[in-house]
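4 protein chains.
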Amino acid sequence: MSKPEIGIGLVGSGFMGRCHANAFRAVSGLFDVPGEPRLRVLADADDALATRAAQALGFERGTGDWRALVADEAVDIVAITAPNVLHAPIAHAAIAVGKTVYCEKPLSTTAALALEMTQAAEAAGVVTLVGFNFLRNPMIKLAQQIIASGEIGEITGFRGRHAENYMADPDAPHSFRTNPQGGGALADIGSHIISMARYLLGPITEVQADSRTFHATRPTAPRSTRREPVKVDDMTHALVRFENGASGSLEANWAATARTMDLSWEITGTKGALAFTQERMNDLQLWSATPGRSGYIRIEAGPAHPPYGAFCPAPGHHLGFNDLKIIEVAGLLEAHAGLGATGPDFREAYEVQRTVEAMQRSDEERAWISL
Amino acid sequence: MSKPEIGIGLVGSGFMGRCHANAFRAVSGLFDVPGEPRLRVLADADDALATRAAQALGFERGTGDWRALVADEAVDIVAITAPNVLHAPIAHAAIAVGKTVYCEKPLSTTAALALEMTQAAEAAGVVTLVGFNFLRNPMIKLAQQIIASGEIGEITGFRGRHAENYMADPDAPHSFRTNPQGGGALADIGSHIISMARYLLGPITEVQADSRTFHATRPTAPRSTRREPVKVDDMTHALVRFENGASGSLEANWAATARTMDLSWEITGTKGALAFTQERMNDLQLWSATPGRSGYIRIEAGPAHPPYGAFCPAPGHHLGFNDLKIIEVAGLLEAHAGLGATGPDFREAYEVQRTVEAMQRSDEERAWISL
Amino acid sequence: MSKPEIGIGLVGSGFMGRCHANAFRAVSGLFDVPGEPRLRVLADADDALATRAAQALGFERGTGDWRALVADEAVDIVAITAPNVLHAPIAHAAIAVGKTVYCEKPLSTTAALALEMTQAAEAAGVVTLVGFNFLRNPMIKLAQQIIASGEIGEITGFRGRHAENYMADPDAPHSFRTNPQGGGALADIGSHIISMARYLLGPITEVQADSRTFHATRPTAPRSTRREPVKVDDMTHALVRFENGASGSLEANWAATARTMDLSWEITGTKGALAFTQERMNDLQLWSATPGRSGYIRIEAGPAHPPYGAFCPAPGHHLGFNDLKIIEVAGLLEAHAGLGATGPDFREAYEVQRTVEAMQRSDEERAWISL
Amino acid sequence: MSKPEIGIGLVGSGFMGRCHANAFRAVSGLFDVPGEPRLRVLADADDALATRAAQALGFERGTGDWRALVADEAVDIVAITAPNVLHAPIAHAAIAVGKTVYCEKPLSTTAALALEMTQAAEAAGVVTLVGFNFLRNPMIKLAQQIIASGEIGEITGFRGRHAENYMADPDAPHSFRTNPQGGGALADIGSHIISMARYLLGPITEVQADSRTFHATRPTAPRSTRREPVKVDDMTHALVRFENGASGSLEANWAATARTMDLSWEITGTKGALAFTQERMNDLQLWSATPGRSGYIRIEAGPAHPPYGAFCPAPGHHLGFNDLKIIEVAGLLEAHAGLGATGPDFREAYEVQRTVEAMQRSDEERAWISL
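Here the protein sequences come in this chain order: A, B, C and D. Going by the working numbering, the first sequence opens with residue 1, and the numbers climb by one from there. Going by the working numbering, the second sequence opens with residue 1, and the numbers climb by one from there. Going by the working numbering, the third sequence opens with residue 1, and the numbers climb by one from there. Going by the working numbering, the fourth sequence opens with residue 1, and the numbers climb by one from there.
Calculated from the structure, these hints are not laboratory results. All figures in this text were calculated on a predicted structure; none of them were measured in a lab. Note that CB positions come from ideal geometry on N, CA and C, so glycine has one too. Check each hint, because a few of them may be wrong.
Claimed, not checked - Residues of chain C clear of chain A, computed beta-carbon distances all greater than 10 Å:
no., residue
1, D47
2, E122
3, A168
4, H192
5, T205
6, A209
7, F214
8, A216
9, E228
10, L239
11, T270
12, R280
13, D283
As the list claims (entries may be wrong) - Stretch-level coverage of chain A by chain C, calculated; a stretch enters the list once three of its residues show a Cβ under 8 Å from a Cβ in chain C:
no., region
14, 263 to 271
15, 332 to 340
As the list claims (entries may be wrong) - Across the chosen pairs, the derived CB separations fall in these ranges:
no., chain 1, residue 1, chain 2, residue 2, range
16, B, R366, D, E228, 33 to 41 Å
17, B, A148, A, R223, 41 to 49 Å
18, D, R52, C, D171, 24 to 32 Å
Hey, can you work out the whole structure from these sequences and the hints?
This is the structure in structure tokens:
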């Protein structure tokens, strides 16, 4: 008996759009998903662009009108990789017709709008998922389980970071990334380390942040000689306190010259510790005490760490970045079929965004902010 | 204008069969391939098994008769992931009808049979490709270019290894892996480090090997209490000399307790050196001399290292094992379309197998063997 | 012609006292120092203890009266490894008779006292040195030179830490370390990362700190069942801004379960970056941009990095912790002989202590503090 | 009560001579040795040179006649760091008068001469020690204990190396290192990895080696334009079999461009594994199996690993190269005082040299050689 089909509508065909498309194409070859995704409709800025993209990414048809996509009966899941300002209207439209919504982060341009989206989705009872794909790593799941089990004792300290260098060049131009509504290093990638901290340790309750803008102006467009002021942060360091009693610091930095993916942390407990960096995404470091043998163990991803086994029956065959998106989509299809929750949903994405905004306010007011 | 379709026939649906299927499904979402692969026919041991596998992996139909698959006009490329003993007959049949053949390693159970397959393919002028997928890593390509350019000088030394632990358990049962025809650690994974050494440094001309079997008997089947003698190596260390004047050593080991994917090497030149391990498959270490600043540079995979850019426009988003198979399949489709050669072909796979057999003979005779 | 003798008087014979003694014994075998140190007098709590310690550490005589040591004409340099509360009186006495003073950190129990010591020393014109021995590492000197030369551009970010686990055990007892006057993780080891940050980047001008005490009480003595409240921090995270425009964060933690010597930092500049950890004290990581070859270079300590060559004429022969003390003492003897300044002197130690106190006040007031 | 004095006579004042002198000066400040070493006499090529060196290194007097040193009643231990050809005559003279002999490696220029020295020493019953100082590392001792305890099961595989780059430059001149009697990479540094393999796993029983000379000629002296042929190896790779049933390979390489101290190995057992490199000399990697938690543990040197505690009461304070020599000298003084054996003695050094020569013969005959 063949599986039911699940119609996918994708809004946006940039880098993340391609990621979504590829994940939907690959997922059923790797996971025993409850339905077979069918790439039905791709929407983009206009019909011609959308049609070309639909063909390139394997969708049945393209449209310049995302409202048509949302309304299309063949579409069961609306995937949103459009510019941030469009997240809210598309999501509200999809929620209104009861469709599952799969949205890239940030959920919206402000936490207030994100909260409205969350409340609408919860009221409608639709399934939602936001693309914090780094959480899908089997090693992050293992870390979460180790912490939750008490294996490393009570958590005392957190030290995290997401540092990359994609805006280190002073001539990297303005874009949606530098739009004060939802832009800046903290919102763009700081949200990843915040979401991971929340996944592992729970809510952050107080923050004190310090943001810096290294490049006062940037070109208005690639290779443009016209420059305009930058109103967002290039780097933010923050002190954080967690509801569980732990505290520590985190950094968001998109001008970290030497770093391409330093999404990393060390979490210290009274009996042990864990350390991770996305640069070694198939490893988790676990410190455990044994007389004369204490030290960090480098645990390599393997079939003992679900869902690694979906990719390979043996350890040592590393997962890559795109595989995380496939795991995310597998979870989405499960949740869509009513087979359990998949996080992070809109509510969680709103909480992350609220934390980002608290940090931004702390920086402005140069004061601690409680959440 | 849409791309031509390329019909895929796959023989075998085990781990590597799934890998092939997934790569064919994914490739056109990532690479601008010259044709769109269509998963037409999957063959396996019987019709029922093949039909189930076809459905699971996304093929149009299944068959218990691989000859029917080879003959099927809808099939342009015959992909072979069947047991090693079937490689030769399937390949010969596909060559006879002029089809492109994509075969997993080892090419056959003996170098002699591999040579016959090679000669048949060359006489027929068909495109062939053997699945040494580790060579597809952008960092391995970068290493090859660095060596070929003379950047690290004349090559003096090679020290390589492929060590895993999948047969470390004395109760791991007999299988095709322990069949003296084509089995053993040297043939199974030593072939990977040999193929990589050849890709980077060229032909190996002399070998001296020492093989060991740690577990004299193994169960005849999983959990069986009946044990039979093991006639293949668990570990082989070999001295090697290359045509280019370099020399060194390599190890194949499938009972390396602590290792899951230590496919690694250091290559020393008169002006620099390179080091790599598959456990950090997105890194290449390059040593270069600068007064007071000499040292290994950890080069991370990124868009500067094709075809990384097909997966992501920014560095830091690591490739995984399955991505290597996608790169391999992209190359296959290019070669199939006549857009340049893709190695390693049957000839190269034969040379690897010949090198393996020379090492086996060296171990038996306890003497140096020239190739 | 033999070198003049330099008489050494040492107050204190604990771990750091032994370190001093050993360094004075070893230094002239490794460095071409301007005088031969002679271990004249060791002072400790009473005559008997001091005499035993003198014999064990190779001093000519012991005394229970540090004032006698300071007054002794055979003593040219007064080395202070006594409890922190004694630093001020001993130093003032030595300064009063014009002797060179070599004092362990912290300079005193409060910044105010440290300032008085500094002013007295400066008025008297005596040579002073405080034992921030981690600064003596050739790789730290190399880092300082790279930064000062502009090789990595303008400095934007600093992320530092000194984390150990020597107080992670809740039954680790009270001691001078937990005395609110000069105690706590921040004062005890945070001072090291502060001194290093200052050495590399210059003055810290603003701080915002958050301190935590994990273990509310500790035994009054080893194995005692009586416990008393802890009034100092186990962990402090702080935001820091530098006079040179850079900013970032640092952590001091003596209850970092998994860490024994994580005195580490990454410094980011607009053109490159540097990274270091005391756990790999013979390495400096330098990131430099070269198309397709960008990455961190692991620079190993060697003769190109003075004063490594004093220990070994070839690279690869690692320095250890005690060697840093020998380098420190070599610098002390140079400064004593008038052959140039050696830092950090009392003034610098006062600045470090002032920074520590600003962080402590920031934590209490939950506000940014300017220095 | 003060300790007895032990008179030291040192022959040779080059790099290793300084190392010896410094270790004798430092040892009693760190170890509770059974006697206080007194640096009595230093011998070198002539009186003037010896006198200057004696003064620089802290000896009471110098002499151009090593025979006088050996005969001197104030000398209890004769330390030999003279050129290799002098090891035999000096040692025989010292043995003849019943003195303890501490000799740098290689013991002599040929295994035959080394055997004569061994037999003389054994007949006379004198204490002997040869300077394989890398064995003195607490982490190597820990490795030896782990292996001997059976903790990692039966040993199956060994993969070792000593690679440096001090002769990588084709203009590095001839010296005692390139003298066919006792010279070459295998004898010079291969002896270190052989001695370590023997210390950890026991005797090597069969070898098959392949040696290469990369630079056919070298200058006769530094900066000389006259070049003479090189008759020793720059690199040797060897297959080795051990008496305990293990086998594997090792490499000696003094032209390993990228390496300064890669004295490293991985030892695999049926239940675990160990890995070490001198480049991280304060770490030992121990692999142990725990479901879902298997991996290498990085064990850091600390007080749990004697004699680390002699240097520091807390972990994290790394030992350096020179500290190994101090540990060696502490053991020498114990053995001299009759407080137990200290290895490696002349017999062990002879066995190492015999193994080196077996490898050299194997290379010449291109055949396996049994020891």
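Query - Coverage of the region 332 to 340 of chain A by chain C, judged on three or more residues with CB within 8 Å - result: Contact hint for the region 332 to 340 of chain A vs chain C: violated, 0 residues under 8 Å.
Query raised in the report: Holds or violated: is the Cβ of C:E122 farther than 10 Å from all Cβ atoms of chain A?
Result: Per Cβ check, C:E122 is outside 10 Å of chain A; nearest 34 Å; holds.
**Report entry** Assessment of proposed distance window 41 to 49 Å (beta carbons of B:A148, A:R223)
**Finding:** 34 Å, violated
Report task. Say whether it holds or is violated: C:R280 keeps its Cβ farther than 10 Å from all Cβ of chain A. Result -> Fine: 14 Å to the nearest Cβ keeps C:R280 off the interface.
Requested in this report: Please settle this one: C:T270 was flagged as non-interface, so is its CB more than 10 Å from every CB on chain A?
Outcome: 7 Å, violated
**Report entry** Cβ separation check - C:L239 to all of chain A, threshold 10 Å
**Finding:** 5 Å, violated
Query raised in the report: Does C:D47 sit more than 10 Å from chain A, CB to CB?
Result: The assertion about C:D47 holds, with a minimum of 39 Å to chain A.
Report task. Mind verifying the non-interface call on C:D283? Its CB should be farther than 10 Å from each CB in chain A. Result -> 15 Å, holds
Requested in this report: Evaluate the condition: distance from the CB of C:A209 to the nearest CB of chain A exceeds 10 Å.
Outcome: With a cut-off of 10 Å, C:A209 comes too close to chain A, as the shortest Cβ separation is near 8 Å.
Query raised in the report: For C:A216, is the shortest beta carbon distance to chain A beyond 10 Å?
Result: Answer for C:A216: holds, closest chain A Cβ roughly 12 Å.
Query raised in the report: Lying within 24 to 32 Å: is that true of the beta-carbon distance D:R52 to C:D171?
Result: Violated, since D:R52 and C:D171 (Cβ atoms, about 56 Å apart) do not stay within the stated range.
Requested in this report: Measuring Cβ to Cβ, find out whether C:F214 lies farther than 10 Å from everything in chain A.
Outcome: 5 Å, violated
This entry does not satisfy hints 3, 6, 7, 10, 11, 15, 17 and 18, going by the numbered hints stated previously.
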